[in-house]
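Asks: Here is what each chain is made of, one letter per residue.
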Amino acid sequence: MNQDRRTFLGQTGKLLILSASAALAWEHVLAGTPENAPNYNFKDHWWGMAIDIEKCIGCGTCVRACKTENDVLLEDGNFRTWVERYVVDPADLDHPRVESPSGGYAGFHEREVKDTNLKMFFVPKLCNHCDHSPCVQVCPVGATFESPDGVVLVDKTYCLGCRYCVQACPYGCRFIDRRTETVDKCSLCYHRITKGLTTACCETCPTGARALADLKDPRDPIHAFLRDHKVQVLKPQMATGSKMYYNGLDGSVR
Amino acid sequence: MNGVEGFIYPNEIELQWSVLIVLYPFITGLVAGAFILASLERVFNVEAVKPTYRLALLTALAFLLVAPLPLQIHLGHPERSLEMYLTPHTTSAMAMFGFVYLWYLMVVLVLEIWLDYRREIVLKWRASQGWLRTVYGAMALWSDNISDSALKLDDRIGKTLTVIGIPSAFLLHGYVGFIFGSIKANPWWSTPLMPIVFLFSAITSGVACILLLYFVTCWYRKVTVDMRCVDTVSKYLFYAFVVDFTLEMVDLIQRIYVSDESFRALDFMVHTKLFTSQIVVQILVGTVLPIAMLGVTQLVRMKEAARRAIYVMAGTLTLIGIFAMRWNVVIGGQLFSKSFLGYTSYKMEFATREGLLPSILLMILPFGILWVLIRLLPPWGHDEQPNVKRA
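Residue numbers (the numbering used here), protein chains in the order written: chain A, 1 to 254; chain B, 255 to 645.
Heads up, some of the hints might be wrong.
To be verified - Now the in silico label distances, taken between C-beta atoms and shown as ranges:
| id | chain 1 | residue 1 | chain 2 | residue 2 | range |
| --- | --- | --- | --- | --- | --- |
| 1 | B | 611 | A | 131 | 41 to 47 Å |
| 2 | B | 489 | A | 76 | 49 to 55 Å |
| 3 | B | 414 | A | 42 | 18 to 24 Å |
What the hints assert, rightly or not - Here are the computed lysine-lysine pairs in the BS3-like style, where the Cα-Cα straight-line distance is at most 27 Å:
| id | chain 1 | residue 1 | chain 2 | residue 2 |
| --- | --- | --- | --- | --- |
| 4 | B | 438 | B | 304 |
| 5 | A | 156 | A | 67 |
| 6 | A | 55 | A | 230 |
| 7 | A | 156 | B | 438 |
| 8 | B | 557 | B | 304 |
| 9 | B | 438 | A | 235 |
Read the hints as simulated data drawn from the structure, not as lab findings. In this text, all values refer to a predicted model and were calculated from it rather than measured experimentally. Just so you know, even glycine gets a beta-carbon here, dropped at the ideal spot from N, CA and C.
The shape of chain A in the complex, shown without the other chains (with noise of 0.2 Å):
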């Protein structure tokens, strides 16, 4: 490669700017503000995922990224994020046959289904950080909170420890953490995704069956993928205003 002083140098110096604003933008991420970071503004975010339910295979990469990239307890009942499988016979959507052993985190055992007739897939699961979040409106003290780019957080240095955010969301994404007594639930990585990264569990699908999507961001693949996609979310019904949406959810998922 041919270089020259000049170009080496003013590389070089960029760098240094770089990674110092960097620098400076983690600082603030740890200090809980991110929006006083210089390149991290709050309102030009609305997060959300893309979970593209025919591309998963049911791998648990996800889970495990989740439970080492945010230290969850590997028991039961500990799970920011879990897949489950469903076999369904498609005349008979009340009534498919699911299962999640240990939230997915070992991946499936193979199942053979002799029935041609039934469809079997996979649907990872995570907070849908809602835009109306029921967990939020119940909170005694707004230890549950949404962030203004749309992420759902807990505060766990003031959470009582009540549960009634638990009881209030239909998708059973929270538990309490038997560690601090207080309530756990998925960040969205928020750690990451205000650094400029994507979450645990979408940067290592090794399918791309999750993407997280920056609704706000006019060049993000998001807009292309609700546009072309028959997208669903998660029981519409709760109208919850989630922001999870899936490409080829079937009729049969709760």
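Keeping the supplied structure of chain A fixed, place chain B upon it in accordance with the hints.
Replies: Structure of chain B alone, referenced to chain A:
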């Protein structure tokens, strides 16, 4: 997984609200019901229930003092509970508990009891010695004005307070029903009837509790039971219970007829896991039987001893039935998955923070408090002394 049938969401394996949360609506229900019974005498001048008036007020206070304890013990961080008062989240039904509670406790109940007892507190202050004198002095707020005009003023304010107190009591328990009824994620709870059902079941349980306490105190003091009083109280119990049962049946029939997406799961639950506690204990033994027993006393002329026996039995069954109703609402509402595809179980522990033992202690505690209150402020005997005529 242990105790799980079908499919539940992976995070649903833990039941969130235990028997302590069953006690909470049960205890607040007793408070509201006892207060409403007391108000009958005061506001509507139902002379017959007068012997229960003060007993009902003191019972309401004793139970109200204990009401927040099960919630407090249940919290993961009880030390942060004050935040509900300091930084309440205004859209949260639960955040309003503190304010509804304080309003009811301090503004309505304590003030009303104080005004009603002020004359006797002052007389006891004057008559007592030593530390008891200090206690009564403090209770009188060191004001010994019991002139006729002062007592008349007390009585007028007291009556106004009771008038405010009735909607407050309705608010207190209607509100407790709303905590459950407003959770749209849970079809077992989510019904606009929930606050009204809670309210009428509260009145029923409170009246039954006072009826039984009146029998116990008469027996303990070796005085004859005022039959006119227990007949009237039982009549109210009967009416309140009929309304309560009708509302619950309206809710049930509506659910069966509409048969929405949750119906099959809930129906299965009622026929299996909740069969004993709901069909047998709550509906048959705890509702139909006491209503039938009380109904018989309304229709058939019976001897006093027989009526007394029926009242005691019906009152006891009523309390069991209403407790079962609270249990079926709180625990029942958590036994099915929000996917409507599976069920879980509740296994009550014994000597743990949310176990059976603390629950039993919490249910005994109000009676201990009531005993102290009765010692300090005897609810009886004041009628024999000259008293100011009520406004």
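Asks: If a hint holds in the structure, say so; if it does not, say that too.
Replies: Hints versus structure:
For the pair residue 611/B and residue 131/A, the beta carbons lie near 44 Å from each other, so the given range of 41 to 47 Å is met. Separation of residue 489/B from residue 76/A is about 53 Å and conforms to the stated range, judged on CB atoms against 49 to 55 Å. Take residue 414/B and residue 42/A: their Cβ atoms lie about 51 Å apart, and the range 18 to 24 Å is violated. Annotation: proposed proximity of residue 438/B to residue 304/B is violated, straight-line Cα distance about 43 Å (limit 27 Å).
The straight-line distance between the Cα atoms of residue 156/A and residue 67/A is roughly 18 Å, inside the 27 Å bound, and the hint therefore holds. As the CA atoms of residue 55/A and residue 230/A are separated by approximately 15 Å, the hinted pair is consistent with the 27 Å bound. The hinted pair formed by residue 156/A and residue 438/B meets the criterion: a straight-line CA distance of about 25 Å does not exceed 27 Å. Simply put, residue 557/B and residue 304/B have alpha-carbon atoms about 23 Å apart, close enough for the 27 Å limit, and the pair holds.
A C-alpha spacing of about 12 Å is found between residue 438/B and residue 235/A, which places the hinted pair at or below 27 Å, so the restraint holds.
Violated hints, listed in ascending order, are 3 and 4; each of the other numbered hints is respected by the structure.
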